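Enquirer: Given next are the chains, with one letter for each unit.
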Amino acid sequence: MNMMQLISIGVFVATFIIIVTEKINRTVAAMVGAMILLVVKIIDQGEATRFIDYTTVGVLVGMMIIVSIIKRTGLFQYLAIKAAKMVKGDPMKIIVLFGIMTAVLSAFLDNVTTILLMIPVTLVIAKLLKISPIPFIMSEVLASNIGGTATLIGDPPNIMIGSEAGIGFLDFVLNLSPVIIVILIVSVYIIRNIYKNDLHVDEKLKEHIMKLDENTAIVDKKLLIKSLSVLGLVILGFFLHEHLEYESSTVALAGATILLLFSGIEIDELLVEVEWPTIFFFISLFIIVGTLEEVGVISMLAKLVIELTKGNLVITGVVILWSSAILSAFLDNIPFVATMIPLIKGLGAISGMNIMPLWWALSLGACLGGNGTLIGASANVVTAGVMEKEGYKITFKDFIKLGFPLMLISIAISTVYLLIFQLR
Amino acid sequence: MKDINVKETMHEMLLRQMGAKVICYVGKQCYVKFNIEGYEISYAYNINSKEKYFLQRVKPYPMVAGVFEDLKDVVTLIEIDVEQFRNVISSGKFEKFLELNKKILDTARNLEDLFLYYKVDEKMFDEIMKEIDDVREKIMNSAAPEKRVYFKKDPETL
Chain A
1 MNMMQLISIG VFVATFIIIV TEKINRTVAA MVGAMILLVV KIIDQGEATR
51 FIDYTTVGVL VGMMIIVSII KRTGLFQYLA IKAAKMVKGD PMKIIVLFGI
101 MTAVLSAFLD NVTTILLMIP VTLVIAKLLK ISPIPFIMSE VLASNIGGTA
151 TLIGDPPNIM IGSEAGIGFL DFVLNLSPVI IVILIVSVYI IRNIYKNDLH
201 VDEKLKEHIM KLDENTAIVD KKLLIKSLSV LGLVILGFFL HEHLEYESST
251 VALAGATILL LFSGIEIDEL LVEVEWPTIF FFISLFIIVG TLEEVGVISM
301 LAKLVIELTK GNLVITGVVI LWSSAILSAF LDNIPFVATM IPLIKGLGAI
351 SGMNIMPLWW ALSLGACLGG NGTLIGASAN VVTAGVMEKE GYKITFKDFI
401 KLGFPLMLIS IAISTVYLLI FQLR
Chain B
1 MKDINVKETM HEMLLRQMGA KVICYVGKQC YVKFNIEGYE ISYAYNINSK
51 EKYFLQRVKP YPMVAGVFED LKDVVTLIEI DVEQFRNVIS SGKFEKFLEL
101 NKKILDTARN LEDLFLYYKV DEKMFDEIMK EIDDVREKIM NSAAPEKRVY
151 FKKDPETL
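Read top to bottom, the protein sequences are chains A and B.
Quick note: the first sequence, position 185, residue 185 per full-length UniProt numbering, numbers continuous.
Quick note: the second sequence, position 111, residue 111 per full-length UniProt numbering, numbers continuous.
Bound conformation, chain A alone (with noise of 0.2 Å):
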């Protein structure tokens, strides 16, 4: 090993450290990480502009547009109560809805925005229940981390394989969404029997949601229109993109650029809710990793791998399910995917197997893993610090004993399917 190997190893490895101990913020983290690399020259910069994925930062930027334009419209709002009066305020058929609403909507939205969406809702229609809003928190939580998973834009990771490994929205949906549904069927109906016994309310008091006027949710009509019509569009040209031979990124962002222009909002004003440190956390590890197989270390694990499994596409793709999903529930998913997607290529390239199968273990394991802890998935820590805040404190501990099993439970039904439909 060369010393820009170990020097490149070296900055991985303490970013990597920093990020998962959280000792500074993993934004600043990774920027001092790829900017090291850039000051001792392991990097120039033009490599490192090389080393950005534009195309999942061009989907983030500009679904993050269009969600902050859509938000306004009182939309999601909307919907919740609607469910909730569909069922006529009963919350056990409110806990399995809200579940696959969330997951649903995480598929097209990101987690962190759609459970923060959910959350003033939930809150609402709890206190009018007079029962706590844990249990149906708790099942949207775990319902965004599922249905993030269907799609190309519905987790970081998958807009991350999608775009390194030259994989579209279609190709996401046809081959993820059937096990999604299934793990997401099954995890709402255990769920919903973990907590049934908490979900007992008077009649009475159902007749509060029988109350709420949905309509009033709707702050401007126009704006919803238009944002409906371009949010149509735009999921329309994710399905479209690859036929059309469009990056999902110029699909994202001429959507969000069409709401810039006929939603009359001040640009300034949306582009305040870009989550631009999420941005910055995502072309820091581009460099950081793009340097490791830059100077050859990529390369040198995936001999490793190929070394230890033989070869072996079953074993190869059931371990990377396995070991993703584990370590994705207790480290960040993205700097683990972002190391993983240059592995799996290089295993592609030096042993020739069919590596398409190791990208659905991956997504798989990367998305739903985040399920199992209360660090596990962004929209896990987001929700339990709204929660506290609300005097609704989920622990570590609670967290795991719902989420962990379920995990688990996700991650068989994942193996079943990859091993009948994709290992072969």
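Errors might be hidden in some of the hints.
[What the hints assert, rightly or not] Quick list of in silico lysine-lysine cross-link-like pairs, DSSO-like style, CA-CA up to 30 Å:
| # | chain 1 | residue 1 | chain 2 | residue 2 |
| --- | --- | --- | --- | --- |
| 1 | B | K93 | B | K103 |
| 2 | B | K152 | B | K72 |
| 3 | A | K221 | B | K7 |
| 4 | B | K50 | A | K222 |
| 5 | B | K7 | A | K82 |
| 6 | B | K7 | A | K389 |
| 7 | A | K226 | B | K7 |
| 8 | B | K50 | A | K221 |
| 9 | A | K310 | A | K127 |
| 10 | B | K21 | A | K82 |
| 11 | A | K389 | B | K21 |
| 12 | B | K7 | A | K222 |
| 13 | A | K226 | A | K23 |
| 14 | A | K130 | A | K211 |
| 15 | B | K28 | A | K389 |
| 16 | B | K7 | A | K397 |
| 17 | A | K221 | B | K93 |
| 18 | B | K119 | B | K130 |
| 19 | A | K204 | B | K93 |
| 20 | B | K152 | B | K93 |
| 21 | A | K226 | A | K85 |
| 22 | A | K23 | A | K196 |
| 23 | A | K23 | B | K103 |
| 24 | A | K23 | A | K82 |
| 25 | A | K393 | A | K82 |
| 26 | B | K147 | A | K93 |
| 27 | B | K59 | B | K123 |
| 28 | A | K221 | B | K21 |
| 29 | B | K28 | A | K222 |
| 30 | B | K7 | A | K206 |
Derived from the structure by calculation, the hints contain no laboratory data.
All of these numbers come straight from a predicted model, not from anything done at the bench.
Fit chain B to the given chain A structure using the hints.
Expert: Chain B in isolation, oriented as in the chain A frame:
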């Protein structure tokens, strides 16, 4: 920021269900705090729906200071206000002034509670009105031109 959004959305939803029209602007609420000889003099200002600056004094007693076109005007008003407080604090009579002011504000609240929670005799209102007029007259009479000590800005009510 995210927590604030959740709280805001929740309360907005409850207000809308009550029939209110709620408009929240992405703006700034700023707090300005001074410590003058142990007394906290603080202000809060925010940008209102017409993109004007709404300034309030928070401490030592609350008072609406006005709506301003320009942030520069807000700064000027705070500057003058603080200077005036500096003067009155050094006069040695500030504590008594604060006590009197607190009593007036408490009395206003008492009057509101009386009117909102009790059946009130109209005659009693007339009596209070007369007594308040007397107090105001006393204040006006005390504001004699020869006794004026601050000239950078004219008083707004005297």
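Enquirer: Indicate, hint by hint, whether the structure satisfies it.
Expert: Hint by hint, here is what the structure shows:
{"no.": "1", "hint": "B:K93 <-> B:K103", "in the structure": "holds (16 Å)"}
{"no.": "2", "hint": "B:K152 <-> B:K72", "in the structure": "holds (16 Å)"}
{"no.": "3", "hint": "A:K221 <-> B:K7", "in the structure": "holds (23 Å)"}
{"no.": "4", "hint": "B:K50 <-> A:K222", "in the structure": "holds (22 Å)"}
{"no.": "5", "hint": "B:K7 <-> A:K82", "in the structure": "holds (21 Å)"}
{"no.": "6", "hint": "B:K7 <-> A:K389", "in the structure": "holds (9 Å)"}
{"no.": "7", "hint": "A:K226 <-> B:K7", "in the structure": "holds (27 Å)"}
{"no.": "8", "hint": "B:K50 <-> A:K221", "in the structure": "holds (22 Å)"}
{"no.": "9", "hint": "A:K310 <-> A:K127", "in the structure": "violated (57 Å)"}
{"no.": "10", "hint": "B:K21 <-> A:K82", "in the structure": "holds (20 Å)"}
{"no.": "11", "hint": "A:K389 <-> B:K21", "in the structure": "holds (26 Å)"}
{"no.": "12", "hint": "B:K7 <-> A:K222", "in the structure": "holds (26 Å)"}
{"no.": "13", "hint": "A:K226 <-> A:K23", "in the structure": "violated (43 Å)"}
{"no.": "14", "hint": "A:K130 <-> A:K211", "in the structure": "holds (15 Å)"}
{"no.": "15", "hint": "B:K28 <-> A:K389", "in the structure": "holds (22 Å)"}
{"no.": "16", "hint": "B:K7 <-> A:K397", "in the structure": "holds (26 Å)"}
{"no.": "17", "hint": "A:K221 <-> B:K93", "in the structure": "violated (58 Å)"}
{"no.": "18", "hint": "B:K119 <-> B:K130", "in the structure": "holds (20 Å)"}
{"no.": "19", "hint": "A:K204 <-> B:K93", "in the structure": "violated (60 Å)"}
{"no.": "20", "hint": "B:K152 <-> B:K93", "in the structure": "holds (21 Å)"}
{"no.": "21", "hint": "A:K226 <-> A:K85", "in the structure": "holds (26 Å)"}
{"no.": "22", "hint": "A:K23 <-> A:K196", "in the structure": "violated (39 Å)"}
{"no.": "23", "hint": "A:K23 <-> B:K103", "in the structure": "violated (52 Å)"}
{"no.": "24", "hint": "A:K23 <-> A:K82", "in the structure": "violated (43 Å)"}
{"no.": "25", "hint": "A:K393 <-> A:K82", "in the structure": "holds (28 Å)"}
{"no.": "26", "hint": "B:K147 <-> A:K93", "in the structure": "violated (75 Å)"}
{"no.": "27", "hint": "B:K59 <-> B:K123", "in the structure": "violated (35 Å)"}
{"no.": "28", "hint": "A:K221 <-> B:K21", "in the structure": "holds (14 Å)"}
{"no.": "29", "hint": "B:K28 <-> A:K222", "in the structure": "holds (27 Å)"}
{"no.": "30", "hint": "B:K7 <-> A:K206", "in the structure": "holds (23 Å)"}
Violated hints, in rising order: 9, 13, 17, 19, 22, 23, 24, 26, 27; the structure is consistent with all others.
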